[in-house]
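Number of protein chains: 4
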Amino acid sequence: MPAPEIGPKDVLVRVRAASVCGTDLHIYRWDRWSAHRIHPPLIFGHEFCGIVEKVGAEVSTVREGDFVSAEMHLSCGRCFQCRTGQSHICQNVRIIGIDADGCFAEFVKIPESNIWKIDPAIPVDYAAVLDPLGNAVHTVLAGEVAGLSLAITGCGPIGLFAIAVARACGAFPIFASEPHPYRLKLAEKMGASVAIDPSKTDAVAAVLNETRGVGADVVLEMSGNPQAVRQAFQMLRRGGRISLLGIPSKPLELDLAGDVIFKGASVQGINGRRVFETWYKMQALLKSGALDLSPLITGNASKVLLYPNGKPE
Amino acid sequence: MPAPEIGPKDVLVRVRAASVCGTDLHIYRWDRWSAHRIHPPLIFGHEFCGIVEKVGAEVSTVREGDFVSAEMHLSCGRCFQCRTGQSHICQNVRIIGIDADGCFAEFVKIPESNIWKIDPAIPVDYAAVLDPLGNAVHTVLAGEVAGLSLAITGCGPIGLFAIAVARACGAFPIFASEPHPYRLKLAEKMGASVAIDPSKTDAVAAVLNETRGVGADVVLEMSGNPQAVRQAFQMLRRGGRISLLGIPSKPLELDLAGDVIFKGASVQGINGRRVFETWYKMQALLKSGALDLSPLITGNASKVLLYPNGKPE
Amino acid sequence: MPAPEIGPKDVLVRVRAASVCGTDLHIYRWDRWSAHRIHPPLIFGHEFCGIVEKVGAEVSTVREGDFVSAEMHLSCGRCFQCRTGQSHICQNVRIIGIDADGCFAEFVKIPESNIWKIDPAIPVDYAAVLDPLGNAVHTVLAGEVAGLSLAITGCGPIGLFAIAVARACGAFPIFASEPHPYRLKLAEKMGASVAIDPSKTDAVAAVLNETRGVGADVVLEMSGNPQAVRQAFQMLRRGGRISLLGIPSKPLELDLAGDVIFKGASVQGINGRRVFETWYKMQALLKSGALDLSPLITGNASKVLLYPNGKPE
Amino acid sequence: MPAPEIGPKDVLVRVRAASVCGTDLHIYRWDRWSAHRIHPPLIFGHEFCGIVEKVGAEVSTVREGDFVSAEMHLSCGRCFQCRTGQSHICQNVRIIGIDADGCFAEFVKIPESNIWKIDPAIPVDYAAVLDPLGNAVHTVLAGEVAGLSLAITGCGPIGLFAIAVARACGAFPIFASEPHPYRLKLAEKMGASVAIDPSKTDAVAAVLNETRGVGADVVLEMSGNPQAVRQAFQMLRRGGRISLLGIPSKPLELDLAGDVIFKGASVQGINGRRVFETWYKMQALLKSGALDLSPLITGNASKVLLYPNGKPE
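Note that the protein sequences, when read in sequence, are chains V, A, S and X.
The numbers in the first sequence follow this note's numbering, run straight up by one, and end at 313.
The numbers in the second sequence follow this note's numbering, run straight up by one, and end at 313.
The numbers in the third sequence follow this note's numbering, run straight up by one, and end at 313.
The numbers in the fourth sequence follow this note's numbering, run straight up by one, and end at 313.
Honestly, I wouldn't trust all of these hints.
Heads up, the list lumps identical chains together, so a pair's fine if it works in one copy or across two of them.
For lysine to any residue, the following SDA-like pairs were computed, each having C-alpha atoms within a straight-line distance of at most 25 angstroms [unchecked claim]:
no. : residue 1 : residue 2
1   : 287       : 126
2   : 189       : 121
3   : 189       : 289
4   : 287       : 94
5   : 287       : 214
6   : 189       : 199
7   : 117       : 209
8   : 287       : 82
9   : 287       : 83
10  : 287       : 197
No wet-lab data here; the hints were simulated from the structure.
Isolated chain V, as found in the complex:
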């Protein structure tokens, strides 16, 4: 694709590395959601890092040559949420790579205010996954975790990131529930204290057993699977916090009385990343060295794809 034209407040970035989100798989398979939301032709892709190629005339905080990523949710700046520090849940959000051309190309155009300058100490492999890592950081740090027990249901990439983040932030023990053996193995490598295969073991009973019947202080639901969601609620202790990031594909049945109300539970919906609180925290965690993501960087297919001319690191 040709490099996009940029306006006076835009930044043109030459993509160095990108990663594939579950959302991109939906688009690739052209499912119902994609057919409804995506208006081709579109360059998709919204997780990346790169080098600034050019900046618009009014851009003052970013320079040619900067190593950057970006918050790809474009908030409107005018709605109630945007005017009260909650732009991550903007009423009129548009997403680069879904509603506008994204990063699966040599160049991508980003408004200056969405650019995140990456500390050069952070390797390119990590810099390409700040978007989903940010989902994990947002979810884990949506409440206290230090010195608390924490359970994660669903160990896709974001669930696995969340294990590492929770570990780096003092959660213990960390329970990971995931039926896929390869992912469950990765969960252990990322720092899970107890890895549970819910297709073989009663995941709720496992968490209760390990917590003297109390349940987990914090539960992070990362699967969207109806049964896992229900188990997530059941393994939560009275007065605990459950944060929901996984997206169920349709409404599901919940025992609000037993699992939320009598328990005095706190339930949080998590969307995107806090702009830019989450980014600042993520960067500090990465720089601290406490966050080992290497078990998750399992292959180099994307490098092959993105560097056809042969210059990955």
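Starting from the known structure of chain V, fit chains A, S and X onto it as the hints suggest.
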């Protein structure tokens, strides 16, 4: 019934006034829940005020003649929740009037540590309903309300109390949704800004219309009715807080993706009263004069019932 | 003065009413602070309301004829605080009326993003004081107040506003400490439960007496006077919250051990208004009718000043 | 000393290891504070672990042979703070080892409700210092730390513990300011990112330099030294949190305007440990293995003292 024997740490209270909880109606009708939970013979009733008749040998903070009510949830003092300031969600809670003899009698026995001394400025009619009023105070004040829009679904006694509490604490506007005309009328008298009959009007649309499409900052679900619960979630704004007190009788279907996750909503289960934070706040609100409960004290049937020998105020 | 030129993102407002801040008195007296900070010629004044006269070419959310006020703190949009939802404490803040031409003129120029559209239900007298009222709302609502005892030291205009706001938000009792008899009288009219003249009464003892020796749950320091500041800390209960808005003119001696550390106190510095959380809450409180500011609107000198041609309401 | 008599709700503990608090040094030196507060004869000492020797007749949660420590602050259970989940700042607190016989003896008597059962996985050396480690955990976790920069002024034992706790909970970078070279070396071993000798370097400038002029997100004041306290406030960023644990020996001068109010800072006094939230979190952190305290266990003098008959581990 004869006055109960008291132990060294107990207080014997002569009941002055009591009120009838929805739970008492379940017992009266002897439904499935009652048949399972209640072990007769039992004196039921758990909302009351009275005068201390006698105190046990080791009681030091309560005296004969004190005007009192009580927190009727007996916490164990030993579980994780009790040891961390969350005794209102004790794992081993027992309730006076359900698991032990209650207040529908001339005398009731209460452990000293559960006694709440009532400021004499508070009238007997109000003092008899501190338990459900406390549920309302706990629910309303489980987050910010001052200067925020607030919707209540379900205007039984606790929902009606919550309107008055929310009004006294600066919420505005206050939406009340309730299909029963008599209760909806009371909702307006208690201070609702907009009274909605959801059997005639689209309650969600009504709240959205009045908030320029944003939704209510805070929603309090007080009905337990499945449809009202779903509407409660739908009328909440992105990033808002919904507190659930009404008890659905069975699991219900929820659109977690649309109503919680993408919205970045906070959902709270509310159980009982914070011991004794809720009581202190309730007392201050009552003493301030800002809390007018008079529309709710609609009759004196309970007085007739409780004082067969003719000595109400 | 001639009407200022506006840029494409600016709004030109015809001033309807303005009010005089303590800061303006400093400038009028040309004290050390003013001589250092203010670079004449300057139109000062930063509390006002008015009608939009004209908007720049790129303005989309404000229209000619709108009734508006404005957040007069211009944040840079680029610093850490601005990028994390804390623009009220921007590192590079500039203030209209101090660092740029203000509202003591027929017209004032405001960037679109700082405009606050006022609900037409709010009278002009109130609309002219949203800036200092916003300071009060920010201070009162910087923590819980409903059902809590609250003490205010210093009853200048913002302290008096704070009494009304605290009252409207369920604080009780409200203690007001102020040596000036006229202001102390106003404090009572605004809703103070106990008015204390600290030049005649021991203010700390008075608060302790009325709270059974516990101290006030919340203290708002609104004077900046060193002795009042120390009393404010001393009248706070263990575990209470003290919010500081009054500006001491120089460093002062504090007993951190006794008044903060052993007490487990929370101390907050309050600066400006949360943009725009405070504005939304303030508007809701004003519309609710619970906030009676009329005792404070004591004269019409400002109207005379602002409408030399004779057209006040 | 002979073993103390225990009552029906008491636990008699055979001391295995104890540690010496700064408070004990005050008593040893018999300074003004000690002469006023301590009423000899008294067994002092309040940091220890041991094995339960005997339990009173009404004790149900502790058994002979249990490995235990204890919260040595005895709260009254009747004051406002005790009744609202804040017993760590009880108005009538008494401390074992200061107001009653302590643990520098073969046996110590503890009320059942103050006993903390130690997980057998925790080594005796660590179990003897849970009291001061708890101070550190309470201070670090009195707000967010994960992904935030954090500065500690004063690296005595609690300051050093705090470095390890902050590191285990995701703070980065961690600045430690301490003039004593031996302690500053320990600070690095405990995990400080930047060790500052404030007698040689401008500590405030050092923190500002390393944070691009922003200041530290969180500051923990652990020295009580007036100059360090002032520096602690100055190195805090706008909107940051400073928690004060070090006890200044007398009132000191603070620039509230510049260092608290304009900054919009949050200041917290920290006293003791949250009972038992802090203990639960501390135990989880110790069990997780993320908390390496070994650099701090520098000698075995205490073992010699405590095991005259020769049976340390």
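Original post:
Between residue 287 and residue 94, at a C-alpha cutoff of 25 angstroms, which is it: within one copy, between copies, both, or neither?
Top reply: neither (30 angstroms within a copy, 33 angstroms between copies)
**OP:** Evaluate residue 287 and residue 83 at a C-alpha cut-off of 25 angstroms and name the case that applies: within, between, both or neither.
**Re:** between (31 angstroms within a copy, 20 angstroms between copies)
Subject >> Intra/inter-copy verdict for residue 287 and residue 82 if alpha-carbon distance must be at most 25 angstroms >> reply: Intra 29 angstroms, inter 23 angstroms, cutoff 25 angstroms: inter-copy only.
Subject >> Homo-oligomer pair classification [residue 126, residue 287; C-alpha up to 25 angstroms] >> reply: within (11 angstroms within a copy, 29 angstroms between copies)
Original post:
Is it within, between, both or neither when you check residue 117 against residue 209 at 25 angstroms Cα-Cα?
Top reply: So residue 117 and residue 209 pass the 25 angstroms test across copies only (19 angstroms; inside, 45 angstroms).
Original post:
How would you classify residue 189 and residue 121 at a CA-CA limit of 25 angstroms: within, between, both, or neither?
Top reply: The answer is both: 23 angstroms in one copy and 23 angstroms across copies each meet 25 angstroms.
Subject >> Intra- versus inter-copy proximity for residue 197 and residue 287 (alpha-carbon distance at most 25 angstroms) >> reply: between (33 angstroms within a copy, 24 angstroms between copies)
**OP:** First find the shortest C-alpha distance between residue 189 and residue 289 inside one copy, then the shortest across copies, and answer within, between, both or neither for a cut-off of 25 angstroms.
**Re:** both (16 angstroms within a copy, 16 angstroms between copies)
Subject >> Intra- versus inter-subunit Cα pairing at 25 angstroms for residue 287 with residue 214 >> reply: Between copies only: 18 angstroms across chains, 35 angstroms inside a chain, cut-off 25 angstroms.
Original post:
When no copy is named, should residue 189 and residue 199 be tagged within, between, both, or neither for a Cα gap of at most 25 angstroms?
Top reply: within (20 angstroms within a copy, 44 angstroms between copies)
The structure shown violates just one earlier hint, number 4.
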